[in-house]
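Enquirer: Chain residues, written in single-letter form:
2 protein chains.
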Amino acid sequence: MDTIKGMKRTCYAGSLRLDDIGREVVLMGWVQKKRNLGGLVFVDLRDRGGIAQIVFDNDVSKSAFEKAEKLGSEYVIAIRGKVFERQSKNSNIPTGDIEVFAEEIRVLNESQTPPIYIKDDDEVGEALRLKYRYLDLRKPKMQKNLMLRAKVANVVRNYLTDNDFCEIETPFLIKPTPEGARDYLVPSRVNPGKFYALPQSPQLYKQLLMVSGMDRYFQIVKCFRDEDLRADRQPEFTQIDCEMSFVDENDVMEIMEGMLKKIFKEVLDRDIVTPFPRMTFAQAMDKYGSDKPDTRYGLEFVNISDVVKNCGFKVFAECAKEGYSVRGINVVGEADTFTRKAITHLEDHAKTYKAKGLAWMKITDEGVTSPIAKFFSEEELTNIQNAMGAKTGDLLLFVADKDSVVYDSLGQVRIAVADKLNLADPDKFNLLWVTEFPVFEEDEENGRFIAKHHPFTSPMEEDIDKLEGDDKLKLRARAYDIVLNGYEIGGGSIRISDAKVQEKMFRALGLSDEEANNKFGYLLEAFKFGTPPHGGLAFGLDRLVMLLAGAENIREVIAFPKNQNAVCTMTNAPTEAESNQLEELSIRVSLEDKE
Amino acid sequence: MDTIKGMKRTCYAGSLRLDDIGREVVLMGWVQKKRNLGGLVFVDLRDRGGIAQIVFDNDVSKSAFEKAEKLGSEYVIAIRGKVFERQSKNSNIPTGDIEVFAEEIRVLNESQTPPIYIKDDDEVGEALRLKYRYLDLRKPKMQKNLMLRAKVANVVRNYLTDNDFCEIETPFLIKPTPEGARDYLVPSRVNPGKFYALPQSPQLYKQLLMVSGMDRYFQIVKCFRDEDLRADRQPEFTQIDCEMSFVDENDVMEIMEGMLKKIFKEVLDRDIVTPFPRMTFAQAMDKYGSDKPDTRYGLEFVNISDVVKNCGFKVFAECAKEGYSVRGINVVGEADTFTRKAITHLEDHAKTYKAKGLAWMKITDEGVTSPIAKFFSEEELTNIQNAMGAKTGDLLLFVADKDSVVYDSLGQVRIAVADKLNLADPDKFNLLWVTEFPVFEEDEENGRFIAKHHPFTSPMEEDIDKLEGDDKLKLRARAYDIVLNGYEIGGGSIRISDAKVQEKMFRALGLSDEEANNKFGYLLEAFKFGTPPHGGLAFGLDRLVMLLAGAENIREVIAFPKNQNAVCTMTNAPTEAESNQLEELSIRVSLEDKE
Numbered sequence: 001m002d003t004i005k006g007m008k009r010t011c012y013a014g015s016l017r018l019d020d021i022g023r024e025v026v027l028m029g030w031v032q033k034k035r036n037l038g039g040l041v042f043v044d045l046r047d048r049g050g051i052a053q054i055v056f057d058n059d060v061s062k063s064a065f066e067k068a069e070k071l072g073s074e075y076v077i078a079i080r081g082k083v084f085e086r087q088s089k090n091s092n093i094p095t096g097d098i099e100v101f102a103e104e105i106r107v108l109n110e111s112q113t114p115p116i117y118i119k120d121d122d123e124v125g126e127a128l129r130l131k132y133r134y135l136d137l138r139k140p141k142m143q144k145n146l147m148l149r150a151k152v153a154n155v156v157r158n159y160l161t162d163n164d165f166c167e168i169e170t171p172f173l174i175k176p177t178p179e180g181a182r183d184y185l186v187p188s189r190v191n192p193g194k195f196y197a198l199p200q201s202p203q204l205y206k207q208l209l210m211v212s213g214m215d216r217y218f219q220i221v222k223c224f225r226d227e228d229l230r231a232d233r234q235p236e237f238t239q240i241d242c243e244m245s246f247v248d249e250n251d252v253m254e255i256m257e258g259m260l261k262k263i264f265k266e267v268l269d270r271d272i273v274t275p276f277p278r279m280t281f282a283q284a285m286d287k288y289g290s291d292k293p294d295t296r297y298g299l300e301f302v303n304i305s306d307v308v309k310n311c312g313f314k315v316f317a318e319c320a321k322e323g324y325s326v327r328g329i330n331v332v333g334e335a336d337t338f339t340r341k342a343i344t345h346l347e348d349h350a351k352t353y354k355a356k357g358l359a360w361m362k363i364t365d366e367g368v369t370s371p372i373a374k375f376f377s378e379e380e381l382t383n384i385q386n387a388m389g390a391k392t393g394d395l396l397l398f399v400a401d402k403d404s405v406v407y408d409s410l411g412q413v414r415i416a417v418a419d420k421l422n423l424a425d426p427d428k429f430n431l432l433w434v435t436e437f438p439v440f441e442e443d444e445e446n447g448r449f450i451a452k453h454h455p456f457t458s459p460m461e462e463d464i465d466k467l468e469g470d471d472k473l474k475l476r477a478r479a480y481d482i483v484l485n486g487y488e489i490g491g492g493s494i495r496i497s498d499a500k501v502q503e504k505m506f507r508a509l510g511l512s513d514e515e516a517n518n519k520f521g522y523l524l525e526a527f528k529f530g531t532p533p534h535g536g537l538a539f540g541l542d543r544l545v546m547l548l549a550g551a552e553n554i555r556e557v558i559a560f561p562k563n564q565n566a567v568c569t570m571t572n573a574p575t576e577a578e579s580n581q582l583e584e585l586s587i588r589v590s591l592e593d594k595e
Numbered sequence: 001m002d003t004i005k006g007m008k009r010t011c012y013a014g015s016l017r018l019d020d021i022g023r024e025v026v027l028m029g030w031v032q033k034k035r036n037l038g039g040l041v042f043v044d045l046r047d048r049g050g051i052a053q054i055v056f057d058n059d060v061s062k063s064a065f066e067k068a069e070k071l072g073s074e075y076v077i078a079i080r081g082k083v084f085e086r087q088s089k090n091s092n093i094p095t096g097d098i099e100v101f102a103e104e105i106r107v108l109n110e111s112q113t114p115p116i117y118i119k120d121d122d123e124v125g126e127a128l129r130l131k132y133r134y135l136d137l138r139k140p141k142m143q144k145n146l147m148l149r150a151k152v153a154n155v156v157r158n159y160l161t162d163n164d165f166c167e168i169e170t171p172f173l174i175k176p177t178p179e180g181a182r183d184y185l186v187p188s189r190v191n192p193g194k195f196y197a198l199p200q201s202p203q204l205y206k207q208l209l210m211v212s213g214m215d216r217y218f219q220i221v222k223c224f225r226d227e228d229l230r231a232d233r234q235p236e237f238t239q240i241d242c243e244m245s246f247v248d249e250n251d252v253m254e255i256m257e258g259m260l261k262k263i264f265k266e267v268l269d270r271d272i273v274t275p276f277p278r279m280t281f282a283q284a285m286d287k288y289g290s291d292k293p294d295t296r297y298g299l300e301f302v303n304i305s306d307v308v309k310n311c312g313f314k315v316f317a318e319c320a321k322e323g324y325s326v327r328g329i330n331v332v333g334e335a336d337t338f339t340r341k342a343i344t345h346l347e348d349h350a351k352t353y354k355a356k357g358l359a360w361m362k363i364t365d366e367g368v369t370s371p372i373a374k375f376f377s378e379e380e381l382t383n384i385q386n387a388m389g390a391k392t393g394d395l396l397l398f399v400a401d402k403d404s405v406v407y408d409s410l411g412q413v414r415i416a417v418a419d420k421l422n423l424a425d426p427d428k429f430n431l432l433w434v435t436e437f438p439v440f441e442e443d444e445e446n447g448r449f450i451a452k453h454h455p456f457t458s459p460m461e462e463d464i465d466k467l468e469g470d471d472k473l474k475l476r477a478r479a480y481d482i483v484l485n486g487y488e489i490g491g492g493s494i495r496i497s498d499a500k501v502q503e504k505m506f507r508a509l510g511l512s513d514e515e516a517n518n519k520f521g522y523l524l525e526a527f528k529f530g531t532p533p534h535g536g537l538a539f540g541l542d543r544l545v546m547l548l549a550g551a552e553n554i555r556e557v558i559a560f561p562k563n564q565n566a567v568c569t570m571t572n573a574p575t576e577a578e579s580n581q582l583e584e585l586s587i588r589v590s591l592e593d594k595e
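Sequence order for the protein chains is A and B. Heads up, the first sequence is in UniProt numbering, so the first residue is 1 and it goes up one at a time. Heads up, the second sequence is in UniProt numbering, so the first residue is 1 and it goes up one at a time.
If we strip away everything but chain A, and leave its shape as in the complex, we get:
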């Protein structure tokens, strides 16, 4: 094998253009393709910048030509040569106007035949891609994703730094807090029998930084949750984490809108309009059945409970009581698109979200076609059509149930209809704030209240009295989520900064004062020494980058992700530990408990 001694790369292969003609260049990269044609050897040399065609001509250099003839796929080479205009141009690649006639070649390393092809449209399964991730990452699309991710992080950092935010690193080995998601634990060797946790977020540290007067903090930081994995979850994920003092909701939202505007401009060259629309949680549920609605298309819910409260169709009429509703969506002009079979398919979908059924009506020239039409009077049908704004050719879909079931199931039907009709324009980026979230949700299993965001979220001022009353579910939070095309990409709140309110919050969550003190005593203590009003927000970087890259799942924008069993198949992590390691940590594996 040759060395690069005395050779220095002049530029990326993919950067060469007509302007470079006549230039002497040194390129280094991988053999994408080699072919012999008309007594010449043509090599596509690939590097991070793209691909350029290299030509080896026996008349230019006999030794280079002979070496080039022996090249295989993915060999690593360095070439020195001159840029020429191509005879037959290739408009499919950016360097298609030129080619480089090589005067020298060095073979820096050889390659066995790789187990996956190095091209974007290779259809190999994800298991193989993850096992050979270092080859998968040679694909131009994956490299583009990683570079886009780096660019987003860089834009974010510079924007926040320019706005007086100070990046501060918070610890990774912290105190376990058995609240919210499951912690990853780390046994301490020096303190036998004790454990650190990996942070689920830097929440408490960033609040303490506000107590310390650091005033505007940010961090792009790994966080950890030991949850069962879904398609878009990873055991470790990255947050853009921000916190500010002396602010209210509007200040936080304004600065974050500026950040997103900057990201879209610098990364995608797209202008997005600020301020973003805002919607309360109640409005979002009422209109879309979701706190993260995709607003690229309509299909908004209409609540017809009042219209049908006395109708002859019992299923509908009974849902006029409190906490229940009948809601519908009007799929304008698509009555003919949805066959009975297609509607049954939607109904099945609704049922997986606990709906008992999906009622439908088609508005035809002959009137309403529907299996349930017979239960309604003509007037009732007309009233329904009016309420739904329905005209001939429209399809109406209804769910009647508890509000929570209606939201869930009809919300999913809405998404499925939009998918079928391709209503979600992939080129559109709809950003939206959702505000006034409930402070509490009911944990029905354990019969208690849990914090919808987290226990440090401040209730709205006008609701704060309810913290000790019976109306807890109506308590609204000074919390806000930012939604992009149906994904929650970030969320935050104004925090509690009064030790007394914080204590009440812990009590409302069912923590005794002693428990609260054991877990969060240092925060309550800190709050006694002059805590400024403060609030912040955290973005999920993985998901944001996924959406910016137009990728289908977050593993496409993470260099070395885990699979759905939290395993890295490339390195085979996790593995058994050596017994002396465990002994030093004062722990033992105890499998029998589980089996």
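If you're looking for bench data, these hints aren't it; they were derived computationally from the structure. Each hint should be verified, as a subset may be incorrect.
No copy is singled out in the list; a pair is fine if it fits within one copy or between any two copies.
To be verified - Derived PhoX-like pairs: lysine-lysine, alpha-carbon spacing no greater than 25 Å straight-line: (1) Lys151 / Lys222; (2) Lys402 / Lys356; (3) Lys222 / Lys472; (4) Lys5 / Lys62; (5) Lys131 / Lys528; (6) Lys151 / Lys261; (7) Lys474 / Lys428; (8) Lys354 / Lys314; (9) Lys262 / Lys34; (10) Lys528 / Lys119; (11) Lys8 / Lys262; (12) Lys504 / Lys466; (13) Lys151 / Lys262; (14) Lys528 / Lys5.
Chain A is already provided as a structure; the job is to place chain B on it using the hints.
Expert: Frame of chain A; chain B shown alone:
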């Protein structure tokens, strides 16, 4: 308590200058000090930007005046007022030319008397500072340190990004590699009985990124080592981690010199000269007895083994054999500074580094004064003086022993002498490359070779044959450390990129092929598919920032450090875990093994 509703901070208190006179400002921060004087209330308001004097005058606003009278230390306030020129200026603070007459004040939060004073020269012990870190971080110096740290990180990121480096996040939950330092382990719940490790560095991932063609990678990233803590060690620490493909040592050093030049310019406004001096490991040991010499002062070693090989002083003469030496330093003109007692003190210091003694000679007008002078002939004494470049008034100090003991003990004596004489100019930044490190060190305890840097470091080309020979300790590595004022602030190497050489390296380290495969099989596999020549470097950010900040230990530049027992006394981490958590993780605490 008041809210900030309708109020928006206009600027930091510390930013106000004469130019601002007449300006209406809104400031928010903490009460540093309050005093009543001549019917007025004066408040020093402190925020991240500094301190400004606020004046409350009953005639300007009665209600504000009355509220101000009740303020206590560390209360959080917002004030609206107008900037005036001060009558009696205070040249000790940047805002000393102005004061703000307050028209409105809001008390945003109260404070109990804090357990530590919020001022730089508070002499409270570190234990209390760490327990109340959120108060300790209110000190201007600590805030300055954190801001300096953020600035360093920002300069680094922008420099590397401008130079085509792509920031890529590598995983935190990785495969344990029981080599080098001790891993922190993380039990996997989903894979019972198996463990992840927290990374000691992203070494293998960054090399795999080079295999993937990402070509120029960097990351500012937390790393973890479960070692017993020293003054300048933390369980988690931050690395500036870089790797490049298609480069040799000079390329890496050049780009890193540019980075340091930029840091010093932008952070300290200091011009440092590049390229930095270079010294081989052998030269550094020979001259300073250290691979991280402080070159701000001389006191260089002189090897007088040849001069004394036949002298009458047995201790010296016997050290002429191979692997032993007699080395001295000349403390020019300081013979009178060092009393017998001071020299005894130095000797004791030398003995803690295994020296049997510290020989000394003072050159006086009457000749050589020394307890060992009698063992030498006049000619021998003259020869020694000549070799040492000694003149009247100089003090000569010698250690005779195995080279390794001479290096260690005389190196420490050199530092102690420099400390006593204040030779290390705190305003001087001496950067230095140390190169050609040995590949192996002997692990005398276990009778085997271990890698001085790590097993992925490439041997020098001309030495590569020794990898399989008996002369392993003479094998030099393509490794380089960067040294600043006696601290190693970074280190790196050109890596092995040939699977066969890597296999030989593992064998040389005593790993069987099976062990090597179990631990590093994926790397050996990756190397078969076209690995480019590559190398890199990692800086210790904590230590670099410590030196730039002129701080005494790294805890001064870390927001929330652990103490020497790896405990966070603020939060009380680590703690006992709940038994159901451990059960889910299939582990048990087993303390009896240790006690």
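Enquirer: Next step is simple, just say for each hint if it's right about the structure.
Expert: Structure-based check of each hint:
1. In this assembly of identical chains, Lys151 and Lys222 lie within 25 Å of each other by CA distance both inside one copy and across copies; the values are 17 Å within and 21 Å between.
2. Proximity of Lys402 and Lys356 under a CA criterion of 25 Å is satisfied intra-copy only: 11 Å inside one chain copy versus 87 Å between copies.
3. Taking CA atoms no more than 25 Å apart as the test, Lys222 paired with Lys472 passes in neither setting, with 33 Å inside one copy and 41 Å between copies.
4. In this assembly of identical chains, Lys5 and Lys62 lie within 25 Å of each other by CA distance solely inside one copy; the values are 21 Å within and 80 Å between copies.
5. With identical chains, the CA atoms of Lys131 and Lys528 are at most 25 Å apart between copies only, with a shortest distance of 15 Å across copies and 52 Å within one.
6. Taking the closest pair of Cα atoms, Lys151 and Lys261 come within 25 Å of each other both inside a single copy (14 Å) and across two copies (24 Å).
7. Proximity of Lys474 and Lys428 under a CA criterion of 25 Å is satisfied in neither setting, with 35 Å inside one chain copy and 64 Å between copies.
8. For the homomeric pair Lys354 and Lys314, the shortest alpha-carbon distance inside one copy (19 Å) is at most 25 Å, but the shortest distance between copies (95 Å) is not.
9. For the identical chains of this complex, Lys262 and Lys34 are neighbours neither inside a copy (42 Å) nor across copies (43 Å), given an alpha-carbon limit of 25 Å.
10. In the homo-oligomer, the alpha carbons of Lys528 and Lys119 lie at most 25 Å apart only across protomers (19 Å), although the nearest pairing inside one protomer, at 59 Å, exceeds that limit.
11. Proximity of Lys8 and Lys262 under a CA criterion of 25 Å is satisfied inter-copy only: 23 Å between copies versus 36 Å inside one chain copy.
12. For a Cα distance limit of 25 Å, the shortest separation of Lys504 from Lys466 inside one copy, 11 Å, qualifies, whereas the shortest one across copies, 71 Å, does not.
13. When the C-alpha separation of Lys151 and Lys262 is checked against a cutoff of 25 Å, the pair qualifies both within a copy, at 11 Å, and between copies, at 21 Å.
14. In this assembly of identical chains, Lys528 and Lys5 lie within 25 Å of each other by CA distance solely across copies; the values are 22 Å between and 64 Å within a copy.
Comparing the model with each numbered hint stated earlier shows that hints 3, 7 and 9 do not hold.
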